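Sequential numbering of the sequence shown, starting at 8, is according to this note's numbering.
For the record, the hints were derived by calculation from the structure and aren't laboratory data.
All figures in this text were calculated on a predicted structure; none of them were measured in a lab.
Be aware that a few hints might be false.
Distance ranges between label pairs, derived from CB positions [what the hints assert, rightly or not]:
| hint | residue 1 | residue 2 | range |
| --- | --- | --- | --- |
| 1 | 242 | 172 | 23 to 33 Å |
| 2 | 75 | 234 | 31 to 41 Å |
| 3 | 199 | 33 | 38 to 48 Å |
| 4 | 224 | 290 | 30 to 40 Å |
| 5 | 224 | 199 | 24 to 34 Å |
| 6 | 170 | 199 | 45 to 55 Å |
Ideal Cβ placement from N, Cα and C applies to all residues, glycine included.
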Amino acid sequence: MRIGWLWVLCLWAGGAQAQQLPTHADLTYAQLGGRDLQLDLYLPDIGTEPLPLVIWVHGGGWSGGTRFPAPAHALRLRRFGVAVASISYRLTGQGGQWGAESVIFPAQIHDVRAAIRWLRAHATDYGLDPDRIGVWGSSAGGHLVALAGTSGNDPALEGTVGNELGTSSVVQVVVDYYGPTDLLQMTLDITTPPGNIIDHDAPDSPESRLIGFSGPGEGIGVLRDNIDNPNPPFPELAQRVSDVNPISWVDPLDPPFLIVHGTADTSVPFGQSIRLLDALLLAGHDPQMLPVPDAGHGGFPTWVHDEAHEFLLSHLVGPLLSAGFE
8 MRIGWLWVLC LWAGGAQAQQ LPTHADLTYA QLGGRDLQLD LYLPDIGTEP LPLVIWVHGG
68 GWSGGTRFPA PAHALRLRRF GVAVASISYR LTGQGGQWGA ESVIFPAQIH DVRAAIRWLR
128 AHATDYGLDP DRIGVWGSSA GGHLVALAGT SGNDPALEGT VGNELGTSSV VQVVVDYYGP
188 TDLLQMTLDI TTPPGNIIDH DAPDSPESRL IGFSGPGEGI GVLRDNIDNP NPPFPELAQR
248 VSDVNPISWV DPLDPPFLIV HGTADTSVPF GQSIRLLDAL LLAGHDPQML PVPDAGHGGF
308 PTWVHDEAHE FLLSHLVGPL LSAGFE
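Turn these sequences into a full structure, and let the hints steer you where they fit.
Shown next as C-alpha cells:
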C-alpha cells in the first residue's frame, strides 16, 4: 500500500498547482453572540461522490490565525479526490467579540466538534461521505485535532454549539502536526538543545490564556505548583487543564493517529508528541510517529506532507482503491 500511494503522489507532484480559492466560501456552521462561525469548503475536480473529507484546523496559539488561506499542503489532497474544509473557531484574542460567550477553553474544542457535526449533517448537500472524515492541524490546531480524536467518543466535550447536536463528531483519522498534549508539562519537556522561545509557565503564555488563568500572579506554572490545592480557584483550574489535554481522553476507541514533530521545535517541545504517542500505545493503538530531524515549528519539507497525505489516503480512500496499487 505504501509504495502504491507514494507512486501516486509522485505522479501528481508535477501537475498544475491546485486552485486556492474555496469552492464554497463562508459557510456558517453555527452562530454565537450575534456572530457567525464559518468554514470554507474546497471540493476536488476528480473523484467519485460521496467524497472523503479532511478538515484543516489552523494554528496560532489559540489566540490568532485564520482559516483562509488554507495551506497548500492541505489543499493538495484534492488531487486525490479528497475534499478539504478549513474552519474558524473562537480565539482567546477575541474576548468580548462573541457577546457573552466565552473564548477560553473549552470554547475551541466545542467549535471544532460543531464544525465536524455540521459537515457530517450536510454531507449529502456537498457530495461528501459522512463516514470518511479526517482532521489535520498544526500547533494549536494540532492540539485541537488530537483532542477531537481522543475525546470523540466522550460527550463531555461535545458542547452545545450549532444546531446539529444529534449528529456524531467522531472522526476516522487524525494527523497532528506538533500539537501540545499536556499543558502542565510544557516547560518540563524543554530540552537544551534546542531550547524554547516561549515561557509556557508565564501568565501571558498561550497555554495560560487558553485556560483563563492569565492575570498577574497567575499562569500555568502557578497552577502546576498548586495542582492539589483544595482552595479556589485551583480545583476548577486543575479539572480544566486536565480536560484540555488530549492525553487525558485516550481510550481504545480512538481513531488512527499520525503524529509529526520537528526535533528542533523551540515553541512546542518534542516531548509533547512523545507523551501522546505513549498514551496511545498504552491504550492498545498503533499510532504512527514521524520525527522530522532538525526541523523547527513547521516549515517542513515536501516529503513530510507527502507522508501525511499517504496516511490520510490509506485510511480514507485506501480500502476502496488499494487493489489497484498493491
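These are the hints, each one checked on the structure:
1. 242 <-> 172: 23 to 33 Å: 29 Å, holds
2. 75 <-> 234: 31 to 41 Å: 39 Å, holds
3. 199 <-> 33: 38 to 48 Å: 45 Å, holds
4. 224 <-> 290: 30 to 40 Å: 37 Å, holds
5. 224 <-> 199: 24 to 34 Å: Check passed, 28 Å falls within 24 to 34 Å.
6. 170 <-> 199: 45 to 55 Å: Holds - the Cβ-Cβ distance for residue 170 and residue 199, about 49 Å, lies within 45 to 55 Å.
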